[in-house]
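Protein chains in written order, with our numbering: chain A, 27 to 339; chain B, 27 to 339; chain C, 27 to 339.
I should point out that these hints are in silico values taken from the structure, not numbers from a laboratory. Each hint should be verified, as a subset may be incorrect.
Repeated chains share a single entry, so a pair holds when one copy, or any two copies, can fit it.
What the hints assert, rightly or not - BS3-like mimics (lysine-lysine), calculated; alpha carbons at most 30 Å apart, straight line: (1) K202 x K324; (2) K257 x K90; (3) K257 x K132.
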Amino acid sequence: MNNLAHLIGLKDLSKQQIVQLLERAQHWAERPGEQADILHGRFVANLFFEASTRTRFSFEVAQKRLGAHVLNFIPETSSTVKGETVYDTIRTLEAMGVEAAVIRTKKEGLLQELAQSVDLKLVNAGDGTNEHPTQCLLDLLTMKQQFGMLEGLTVAIIGDLRHSRVLGSHLHAMPKLGMNLMLAGPPSMMPAQTPQGVKVVGMEEAVQTADVVMMLRVQLERHAETLYVSKEEYHKSYGLTLERAKMMKPGAVIMHPAPVNRGVEIHTDLVECETSLIQKQVTNGVAARMAVLETLLKGSERKWESSLETATY
Amino acid sequence: MNNLAHLIGLKDLSKQQIVQLLERAQHWAERPGEQADILHGRFVANLFFEASTRTRFSFEVAQKRLGAHVLNFIPETSSTVKGETVYDTIRTLEAMGVEAAVIRTKKEGLLQELAQSVDLKLVNAGDGTNEHPTQCLLDLLTMKQQFGMLEGLTVAIIGDLRHSRVLGSHLHAMPKLGMNLMLAGPPSMMPAQTPQGVKVVGMEEAVQTADVVMMLRVQLERHAETLYVSKEEYHKSYGLTLERAKMMKPGAVIMHPAPVNRGVEIHTDLVECETSLIQKQVTNGVAARMAVLETLLKGSERKWESSLETATY
Amino acid sequence: MNNLAHLIGLKDLSKQQIVQLLERAQHWAERPGEQADILHGRFVANLFFEASTRTRFSFEVAQKRLGAHVLNFIPETSSTVKGETVYDTIRTLEAMGVEAAVIRTKKEGLLQELAQSVDLKLVNAGDGTNEHPTQCLLDLLTMKQQFGMLEGLTVAIIGDLRHSRVLGSHLHAMPKLGMNLMLAGPPSMMPAQTPQGVKVVGMEEAVQTADVVMMLRVQLERHAETLYVSKEEYHKSYGLTLERAKMMKPGAVIMHPAPVNRGVEIHTDLVECETSLIQKQVTNGVAARMAVLETLLKGSERKWESSLETATY
Numbered sequence: 027m028n029n030l031a032h033l034i035g036l037k038d039l040s041k042q043q044i045v046q047l048l049e050r051a052q053h054w055a056e057r058p059g060e061q062a063d064i065l066h067g068r069f070v071a072n073l074f075f076e077a078s079t080r081t082r083f084s085f086e087v088a089q090k091r092l093g094a095h096v097l098n099f100i101p102e103t104s105s106t107v108k109g110e111t112v113y114d115t116i117r118t119l120e121a122m123g124v125e126a127a128v129i130r131t132k133k134e135g136l137l138q139e140l141a142q143s144v145d146l147k148l149v150n151a152g153d154g155t156n157e158h159p160t161q162c163l164l165d166l167l168t169m170k171q172q173f174g175m176l177e178g179l180t181v182a183i184i185g186d187l188r189h190s191r192v193l194g195s196h197l198h199a200m201p202k203l204g205m206n207l208m209l210a211g212p213p214s215m216m217p218a219q220t221p222q223g224v225k226v227v228g229m230e231e232a233v234q235t236a237d238v239v240m241m242l243r244v245q246l247e248r249h250a251e252t253l254y255v256s257k258e259e260y261h262k263s264y265g266l267t268l269e270r271a272k273m274m275k276p277g278a279v280i281m282h283p284a285p286v287n288r289g290v291e292i293h294t295d296l297v298e299c300e301t302s303l304i305q306k307q308v309t310n311g312v313a314a315r316m317a318v319l320e321t322l323l324k325g326s327e328r329k330w331e332s333s334l335e336t337a338t339y
Numbered sequence: 027m028n029n030l031a032h033l034i035g036l037k038d039l040s041k042q043q044i045v046q047l048l049e050r051a052q053h054w055a056e057r058p059g060e061q062a063d064i065l066h067g068r069f070v071a072n073l074f075f076e077a078s079t080r081t082r083f084s085f086e087v088a089q090k091r092l093g094a095h096v097l098n099f100i101p102e103t104s105s106t107v108k109g110e111t112v113y114d115t116i117r118t119l120e121a122m123g124v125e126a127a128v129i130r131t132k133k134e135g136l137l138q139e140l141a142q143s144v145d146l147k148l149v150n151a152g153d154g155t156n157e158h159p160t161q162c163l164l165d166l167l168t169m170k171q172q173f174g175m176l177e178g179l180t181v182a183i184i185g186d187l188r189h190s191r192v193l194g195s196h197l198h199a200m201p202k203l204g205m206n207l208m209l210a211g212p213p214s215m216m217p218a219q220t221p222q223g224v225k226v227v228g229m230e231e232a233v234q235t236a237d238v239v240m241m242l243r244v245q246l247e248r249h250a251e252t253l254y255v256s257k258e259e260y261h262k263s264y265g266l267t268l269e270r271a272k273m274m275k276p277g278a279v280i281m282h283p284a285p286v287n288r289g290v291e292i293h294t295d296l297v298e299c300e301t302s303l304i305q306k307q308v309t310n311g312v313a314a315r316m317a318v319l320e321t322l323l324k325g326s327e328r329k330w331e332s333s334l335e336t337a338t339y
Numbered sequence: 027m028n029n030l031a032h033l034i035g036l037k038d039l040s041k042q043q044i045v046q047l048l049e050r051a052q053h054w055a056e057r058p059g060e061q062a063d064i065l066h067g068r069f070v071a072n073l074f075f076e077a078s079t080r081t082r083f084s085f086e087v088a089q090k091r092l093g094a095h096v097l098n099f100i101p102e103t104s105s106t107v108k109g110e111t112v113y114d115t116i117r118t119l120e121a122m123g124v125e126a127a128v129i130r131t132k133k134e135g136l137l138q139e140l141a142q143s144v145d146l147k148l149v150n151a152g153d154g155t156n157e158h159p160t161q162c163l164l165d166l167l168t169m170k171q172q173f174g175m176l177e178g179l180t181v182a183i184i185g186d187l188r189h190s191r192v193l194g195s196h197l198h199a200m201p202k203l204g205m206n207l208m209l210a211g212p213p214s215m216m217p218a219q220t221p222q223g224v225k226v227v228g229m230e231e232a233v234q235t236a237d238v239v240m241m242l243r244v245q246l247e248r249h250a251e252t253l254y255v256s257k258e259e260y261h262k263s264y265g266l267t268l269e270r271a272k273m274m275k276p277g278a279v280i281m282h283p284a285p286v287n288r289g290v291e292i293h294t295d296l297v298e299c300e301t302s303l304i305q306k307q308v309t310n311g312v313a314a315r316m317a318v319l320e321t322l323l324k325g326s327e328r329k330w331e332s333s334l335e336t337a338t339y
């Protein structure tokens with residue numbers, strides 16, 4: 027575990043590495059509100075090139091509960107405006123003593139590329155439609171808490187799958203953990219290719235047979251005009267309606283990576299209903315991110331302490 | 027006092043609650059620069075849907091002097107862009123462990139509505155033209171320090187009264203504290219209804235008889251074209267000119283919630299003159315906000331500690 | 027040194043004051059990552075009216091390593107929108123207990139003007155094309171580390187000199203320290219006047235004779251259309267090409283205040299080459315800024331403690 031250099035995606039992690047992260051996340055989940063000082067005096071930067079309050083706040087709470095100093099990058103006021111590359115920004119942060127950067131970006135593959143050439147720890151907070159690994163980890167943690175084990179669980183992920191980086195991460199993680207994955211949604215929103223072992227099913231089968239019904243946000247911004255005449259129509263055809271929720275198996279639960287479009291992919295009354303774990307997902311997000319940052323930074327020697335010896339003073 | 031669930035407005039507070047908050051604010055006012063750790067490791071969020079550096083900084087200083095972790099919401103980069111409701115944002119913060127949210131919004135009544143359904147402590151930092159309770163508290167604290175007592179004081183609030191949330195709060199607080207309130211200003215800027223016991227007077231009477239001459243900022247952005255030909259004309263007719271300042275009673279003081287429009291509602295030389303308490307109001311703003319946050323959070327059990335028992339691990 | 031009221035520019039500092047700041051910066055440079063608590067519980071504000079992530083982060087790291095509370099001003103969401111003057115903003119911060127303000131602004135001379143009338147410590151983080159004193163200090167620190175002494179060093183500053191506040195500071199500092207300064211670049215980008223003792227030379231002479239080849243960023247935003255047909259042409263004529271780098275003296279080094287335009291004023295392969303000190307400049311930026319803030323704030327009495335006695339409670 028200590029050799030985890032970055033968290034770019036679940037694709038790169040072994041089953042054992044995922045399980046260890048989940049165990050550590052559970053450790054923090056059992057200590058809500060505890061102020062740790064594991065990262066006291068150490069610097070972490072949040073570079074959100076795409077706007078996101080929810081995810082940025084979750085990371086910021088995790089960082090501050092670990093005792094770290096937090097730098098927040100605000101796209102509008104940044105020198106990337108001046109044409110500086112992200113690589114140069116990262117190298118600048120490194121030189122300032124920042125030890126980890128949490129990055130959200132539209133550019134898929136950017137983090138994988140950066141990982142080759144920087145020493146600072148990179149954490150992917152969503153890269154295009156590729157992966158969103160900490161979201162995946164918090165989902166898995168939430169399922170683990172609910173069902174006691176992950177192996178053998180059946181998860182239906184429903185909705186706008188084509189643009190979903192959450193799906194991107196789960197596609198890598200679930201097979202490694204012996205979980206069953208079903209997809210449902212409008213044909214126009216299906217992923218271009220369906221990986222082996224993943225079933226594409228109709229809405230009714232998905233809702234009736236899954237242990238976890240995970241609804242994805244419809245990117246209305248992108249689809250509004252092209253795919254559906256109205257939110258109401260989407261809701262009726264592919265949303266989790268009150269009727270569909272009643273068809274769910276006993277013990278099955280509702281999840282959603284949020285923010286939700288109430289009345290579109292999910293009926294507003296279901297967002298905080300008894301079988302919904304949406305709030306718990308948010309809570310677990312902090313724990314999962316604490317686990318990731320702790321794992322990446324705790325074991326690491328501070329680069330500058332060794333580099334100091336070779337410096338010319 | 028310990029049963030103060032939120033601070034939405036002075037409307038909801040009893041005289042005793044106001045007095046207790048002022049006493050606690052005085053406690054902090056007597057300890058300038060002191061670093062307290064009453065809220066060590068606890069999270070507070072500032073959600074300013076309307077821009078305000080001054081008020082946000084004042085809250086942030088108060089929060090950090092109390093030892094809290096601070097999350098700042100930046101409207102431009104937020105997921106409310108994605109259509110998430112403020113309610114969902116607040117619930118998300120709750121789930122992350124945030125215990126109080128300071129909110130500024132254009133929507134009157136939003137906080138009152140939210141207060142029904144969230145557990146996190148809400149602090150109104152200005153809601154439309156309704157109330158701005160911490161501004162009112164800092165004004166009262168400043169008057170108390172100056173005059174030793176509030177009962178019987180005569181305060182003239184002058185200027186753009188129709189859009190003033192500061193007036194909104196004072197209209198509730200002053201009668202409870204036995205204070206006398208006079209209003210003056212252009213007829214077009216008068217409140218739609220004048221509450222019983224409040225006198226509308228001319229500029230000269232207001233300035234000559236009040237113990238406190240409180241000038242309000244003219245929202246030039248709103249009125250520029252419609253109401254006045256020029257700033258100069260406004261100043262001459264309804265501003266605190268040097269001439270009018272000379273007519274003030276011995277011992278009377280000038281106040282202003284700031285930011286000031288120098289040369290419009292107040293002559294530039296009066297902003298920091300001897301009888302002006304404007305700077306002291308700013309200083310007291312930190313103390314008043316410390317008192318509010320401390321009162322709301324100090325006695326409270328952390329919600330998550332009890333909710334943990336019922337969680338499914 | 028304790029009588030340093032502000033850091034507006036190198037123009038105002040004596041040789042001894044510069045040397046003392048550099049010694050203190052070296053102290054911090056030798057303690058990378060160390061968390062100090064010299065400014066524990068004290069407030070510093072960063073007011074960047076011009077966007078800059080790099081410089082703001084450097085100051086923020088310095089402030090947090092010293093233990094200070096940091097307030098970040100975000101131009102877009104500020105009450106300066108409402109027309110408040112910078113003077114009033116500073117006075118407001120003072121009244122809240124903020125003890126230092128780091129300011130970047132387009133208005134030359136603004137800080138000098140403010141310094142007459144505010145008590146809070148001002149740090150210039152770049153004012154128009156006038157000065158950028160902390161950049162100058164970190165440059166000097168880096169040269170001192172590299173060469174052991176500053177006196178007698180020959181520095182060539184090359185490129186867009188007309189708009190350079192970095193040059194503005196070096197023009198004041200280098201003569202005081204007995205350093206030799208050469209300028210090179212397009213005639214259209216030369217400063218209006220060349221101070222006595224400063225030589226204007228051709229690119230080849232600059233590169234071949236300097237101990238330090240300091241390339242400046244070309245403000246492409248400003249010049250793109252008017253001065254050069256293309257980036258390639260600029261690079262060929264006035265950039266540090268691979269060929270020119272080979273002509274540098276043995277032991278000579280490359281510097282750049284960053285962010286760099288790769289392939290314009292400097293060949294991309296040179297940015298992190300062995301003779302480049304660009305990364306070390308960034309690292310030293312934190313140390314230099316810690317030295318400045320420490321020097322300004324450490325010896326100072328807190329204003330409010332004495333003012334308390336005269337307050338009316």
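Hints, one by one, checked against the model:
no., hint, verdict
1, K202 x K324, "within (26 Å within a copy, 46 Å between copies)"
2, K257 x K90, "neither (39 Å within a copy, 43 Å between copies)"
3, K257 x K132, "both (25 Å within a copy, 27 Å between copies)"
In summary, the one numbered hint that this structure violates is 2.
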